[in-house]
Amino acid sequence: MKNLARLFLVVAAMATLLSCNRNAKPEPAVYELEVYKTQKIVLDVEDRDLESEITLPGGLVDIDGKDALVFYSNGSISYYDLETGKKMSGVNNVEPKEPVSLDTVIDVDVPLLAGDSKQLGVRLDYDETNNVYWAEKSYDTEYYGKNVHELIIVDKDFKYLGTIYDNKVWPWFWNGRILIDIEHIKDNSVVTVNYLKLTKTDRNYNEYIESCRADLEKKHKEWEEYKEKFSPENSPLIGLVKPQDDRIYKVLTLYCKDEISDGDKMVIDSLIANKEIVNLAPIYLVVSAENEEAGASYVKKNGLDCIEKIVFDTEGIANTNAGQDNPRFIFVEDGLITKDTIYSTADIGTEMIPRLFGEGKFTRYYIYDGELIVAVTGGAFIDD
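One gets my numbering by counting positions in the sequence shown from 1 and adding 1200 to each.
Keep in mind the hints are simulated off the structure, nothing from the lab.
Just so it is clear, CB atoms sit at the ideal spot from N, CA and C, and this is done for glycine as well.
Heads up, some of the hints might be wrong.
To be verified - With a Cα cut of at most 20 Å, we get these calculated PhoX-like pairs of lysine-lysine:
no.	residue 1	residue 2
1	K1346	K1368
2	K1337	K1419
3	K1346	K1421
4	K1501	K1475
5	K1286	K1266
6	K1287	K1240
7	K1429	K1418
8	K1397	K1368
9	K1400	K1356
10	K1225	K1400
11	K1418	K1346
12	K1509	K1475
13	K1286	K1240
14	K1359	K1337
15	K1337	K1418
16	K1287	K1266
17	K1237	K1266
18	K1457	K1500
19	K1368	K1419
20	K1539	K1442
As the list claims (entries may be wrong) - Ranges between beta-carbon positions, derived for each pair:
no.	residue 1	residue 2	range
21	N1367	T1538	19 to 29 Å
22	D1469	E1571	17 to 27 Å
23	K1286	N1388	12 to 22 Å
24	E1508	A1546	28 to 38 Å
25	Y1236	D1355	16 to 26 Å
26	N1367	D1307	16 to 26 Å
27	S1301	E1571	34 to 44 Å
28	K1286	K1356	28 to 38 Å
29	G1439	Y1343	26 to 36 Å
30	V1300	E1476	46 to 56 Å
Using the sequences and the hints, build the whole thing.
Structure, rendered in C-alpha cells:
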C-alpha cells in the first residue's frame, strides 16, 4: 500500500509539473524574416502599367490550390502562377482568400517597444505554416519621419513569443501558407517575389529590445533635426516664392543662359506642353537672372510667358554648388521640404519631370472639364 501511495504521489507530481509547463509562458526571443527563395515574374506587355515606372501586384489569390498574384492594369485583371512565373489563362475574378483573423487581447509580460508590460488588444492573423499569429504595429511617421514597423508574434495559445522590428523584408501578402515580399525595382516588365520564412535567432532578447528603442530614439532625433533644417521658414528660396496656402506645392528653378542645355530644353518643353496643368496646379517656377529685365527676356525668348506663376530671383538665391546647368526641384508637403534635388540631364526625363507632374508617389495631375484633377495611379512615381 505504501508503494502504491508513493506511486500516486509521483504521478500527481508529474501531472502537476506537466500542467505547469503547459501554462508556463515561453521566454521571448528575437525572430527574423529571411528570404529562402526568389521568383521573377515577367509580365506580358498588355499587363504592364504603361504609365508607371513599375507594375505592382494587387493581391495574392488561390486558384485551384496554386498561389497566384493578381494584377490590375489597363482596365483588365490578370493572374500569374507564383510557382512557374507564368500567366494563367481562362481565369476571371478570383477573390483573394483572407487569412484567418481574430480580434483578441494578449497578455504581454515582457516590455514591448510600445511601452511597459501590459495587456495588448490586437488583430491577429494566423500563419499556419509557422503555427503562429501575427500582429502588426506601425509607428507614427509624423514622430519618426519614416515608416517603421514591428511584427508581434504569439503562439496558438496567444502567448507572446517575440517581435520583429524594422526588418529588411516584410510580407506584402500572406495567405496562411506562404509569406512573400515584393521588391521595388524600376523595371516595368519584371516583378521580383521573395519567399519569407520565420527564423528564431540566438540573439539576446533584452539587448535586442534596447537596441530597437535606441534606434527609434535616433530616428526621432534625426527627424526633428531634418524638420528644423528643411522647414520652408529656413529656406530663402521658398520665402522668395511666397506660395499660396497650399498644403502641397512644388518649386522648379531655371537659370538664364544664352544657350540653353538639353536638360533645360526638356524642362521648358514639358512646362509649355503642360501649361494648363502648371497654371492650375500648385507649381511655381523660379527664373534666376542678373535682373528682372534679363529674366523677362529669357522667359519670352523660350516661350515660357504662357506660365503664370513665375518668380524672378535676382539675388542668386536659387544658385547651388551643383552649377547652373542643373535644374532644381523642391517638393514641400505639410510645411516641410521633403525633396530638394539638383538633377542631371540624364535624370530629368525619367525622374524630375514625372515628379513635377505627380504629387508624391501615387498620384498624377490631369485636366478634366477645365478643372485640375489629382488622380491615384497606384505607384506611378517612386521617390528615392
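So, going through the hints one by one against the coordinates:
1. Proximity of K1346 to K1368 is assessed by CA-CA distance (about 14 Å); at most 20 Å being required, the pair is judged to hold.
2. At most 20 Å may separate the alpha-carbon atoms for a hinted pair to count; K1337 and K1419 meet this at roughly 17 Å.
3. Restraint check for K1346 and K1421: the C-alpha separation of about 12 Å stays at or below 20 Å, so the hint holds.
4. Between K1501 and K1475 the alpha-carbon distance is near 16 Å, which keeps this suggested pair within the 20 Å criterion.
5. Restraint check for K1286 and K1266: satisfied, since their Cα atoms lie roughly 12 Å apart, inside the 20 Å limit.
6. Taking the CA atoms of K1287 and K1240, the gap is about 12 Å. The hint holds against a cut of 20 Å.
7. A distance of roughly 16 Å separates the Cα atoms of K1429 and K1418; the hinted pair therefore holds under the 20 Å criterion.
8. Between K1397 and K1368 the alpha-carbon distance is near 13 Å, which keeps this suggested pair within the 20 Å criterion.
9. Restraint check for K1400 and K1356: satisfied, since their Cα atoms lie roughly 16 Å apart, inside the 20 Å limit.
10. For the suggested pair K1225 and K1400, the alpha carbons sit about 17 Å apart, so the restraint of at most 20 Å is met.
11. Restraint check for K1418 and K1346: the C-alpha separation of about 12 Å stays at or below 20 Å, so the hint holds.
12. Proximity of K1509 to K1475 is assessed by CA-CA distance (about 11 Å); at most 20 Å being required, the pair is judged to hold.
13. Taking the CA atoms of K1286 and K1240, the gap is near 10 Å; set against the 20 Å cutoff, the hint holds.
14. For the suggested pair K1359 and K1337, the alpha carbons sit about 17 Å apart, so the restraint of at most 20 Å is met.
15. For the hint linking K1337 to K1418, the alpha-carbon distance of about 19 Å falls within 20 Å, and the restraint holds.
16. Taken as a hint, the K1287 and K1266 pair is honoured in the structure, with Cα atoms around 12 Å apart against an allowance of 20 Å.
17. A C-alpha spacing of about 17 Å is found between K1237 and K1266, which places the hinted pair at or below 20 Å, so the restraint holds.
18. Using a Cα cut-off of 20 Å, the hinted pair K1457 and K1500 holds, with the two alpha carbons roughly 13 Å apart.
19. Of the pairs offered as hints, the one joining K1368 and K1419 holds, with about 16 Å between alpha carbons and a cut-off of 20 Å not exceeded.
20. This hinted pair checks out: K1539 and K1442 have alpha carbons roughly 18 Å apart, not beyond 20 Å.
21. Checked against the given bound of 19 to 29 Å, the beta carbons of N1367 and T1538, roughly 25 Å apart, stay inside it.
22. Checked against the hint of 17 to 27 Å, the pair D1469 and E1571 passes, with Cβ atoms roughly 25 Å apart.
23. A hinted range of 12 to 22 Å for the beta carbons of K1286 and N1388 is consistent with their spacing of about 18 Å.
24. Checked against the hint of 28 to 38 Å, the pair E1508 and A1546 passes, with Cβ atoms roughly 30 Å apart.
25. The hinted window of 16 to 26 Å between Y1236 and D1355 holds, with their beta carbons roughly 22 Å apart.
26. Between N1367 and D1307 the Cβ separation comes to about 25 Å, which falls inside the hinted range of 16 to 26 Å.
27. Between S1301 and E1571 the CB atoms are about 41 Å apart, so this pair conforms to the stated range of 34 to 44 Å.
28. Against the hinted window of 28 to 38 Å, the Cβ-Cβ separation of K1286 and K1356 comes to about 36 Å, which satisfies the hint.
29. Checked against the given bound of 26 to 36 Å, the beta carbons of G1439 and Y1343, roughly 27 Å apart, stay inside it.
30. Our hint of 46 to 56 Å for V1300 and E1476 holds, since their Cβ atoms are close to 51 Å apart.
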